[in-house]
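Modelling step: build the complete structure from the supplied sequences, incorporating the hints.
Under the working numbering, read the sequence shown as residues 185 to 533, first letter to last.
No lab work stands behind these hints, which were simulated from the structure alone.
The structure displayed is predicted, hence computed values, not measured ones.
Among these hints, one or two may not hold up.
[What the hints assert, rightly or not] Label pairs and their calculated CB-CB ranges:
#, residue 1, residue 2, range
1, Gln233, Val211, 31 to 39 Å
2, Ser483, Ala296, 54 to 62 Å
3, Val506, Ser526, 28 to 36 Å
4, Phe411, Arg278, 53 to 61 Å
5, Ser432, Ser483, 39 to 47 Å
Don't be surprised by glycine CBs; every beta carbon is placed ideally from N, CA and C.
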Amino acid sequence: MQVHSPSPEAPPPAAPAHAEPLSSPLVYLGVMLVFLALAGFVALILGRQVQQAFTTNPGLNGLILAVLAIGIFLALGQILKLAREVRWVNGLLREGDAAARGGRTRHPVLLAPMEAMMQGRRGRPRLPLASGRTLLDSVATRLDEARDTARYLVGLLVFLGLLGTFWGLLTTIGSISATIQSLDPAAGDAATVLDSVKNGLSAPLSGMGTAFSSSLFGLSGSLVLGFLDLQVGRAQGRFYTELEDLLSFEAETSTSLALLPNMPNLPNGAEEFRVLADRINRLVLEQSNAPRTSAAMASLAESIQGLVQHMRGEQQMLRDFVEAQADEQREMRRALDRLNHSLSDIERN
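In structure tokens, the structure reads:
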């Protein structure tokens, strides 16, 4: 069987299928904006109650809202940064070096190692499988580090809410104690006592307002920021999965293309097909010698089987020797024990 080489006029082979571009994370940005709009609408409806709760302790509640605003901007910024990485990769897939490095897109941050690996290369991001795995590990680490601040801010909002709660409770308890101690029924009539009670209860009620308002703002802020962080995590997870699929596809494609020598000066790739045809012919000739190869393999298998049986026999002899040595050691130990008892009896007598 011979495989004939194609003529130089043969058409070039079809290009391999391209991987799908990365999905845009702006969908999650839209979800986040809709959620923020709904939260703002609810706050607007309850504007009077929210204002009253805020004025009970403007300092602490203002700090909680400031932390919430910082967390919101950080979450939105993470999505926008992820969109920039996606645009860079998709530009590299569509137009190669010209789009990704020609100034139309900013340099990536998460994929900075990938950009460094692609320096001096042209075309699509075809990296070796080992380099792709290293790149994915680096991207996963950077994604986790990017979310650390948002997670800390969620915990900080809960802490500030609890801090306001305990602060208000301490104020309430102290004010109630002071009010009770200031009561003196013998000092005047009932109206005077009631007035002093009313004046004394204003401070505990203010403390309760501080406690409940801080808890309200802190827990609500942690809920909002937690939802935004959830959307950021989903966007990062999809980005990582699609990037992993892309690098795996490109690594397989580069491995397949590496089987052919790189000879761009030859017309229509005819020489590459000749080399491939020669390889196939050599493989066919090797297959024609299969009977002799099978006989040699059978002889080798028999030799290996005999060697295995010989090794098993030696292992059995070694086990028997070890067991005999163990029996002798036990007998020697018994003899030493009897001798020790005999010497002990002689010393006692």
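Verification of the hints:
With their beta carbons about 34 Å apart, glutamine 233 and valine 211 fall inside the hinted range of 31 to 39 Å. The hint said 54 to 62 Å for the Cβ distance between serine 483 and alanine 296, and at roughly 58 Å that hint holds. Valine 506 and serine 526 have their C-beta atoms about 31 Å apart, which keeps the hinted 28 to 36 Å range intact. In this structure the supplied range 53 to 61 Å is violated for phenylalanine 411 paired with arginine 278, their Cβ-Cβ distance being about 34 Å.
Serine 432 and serine 483 have their C-beta atoms about 42 Å apart, which keeps the hinted 39 to 47 Å range intact.
Going down the numbered hints, you'll see the structure goes against just number 4.
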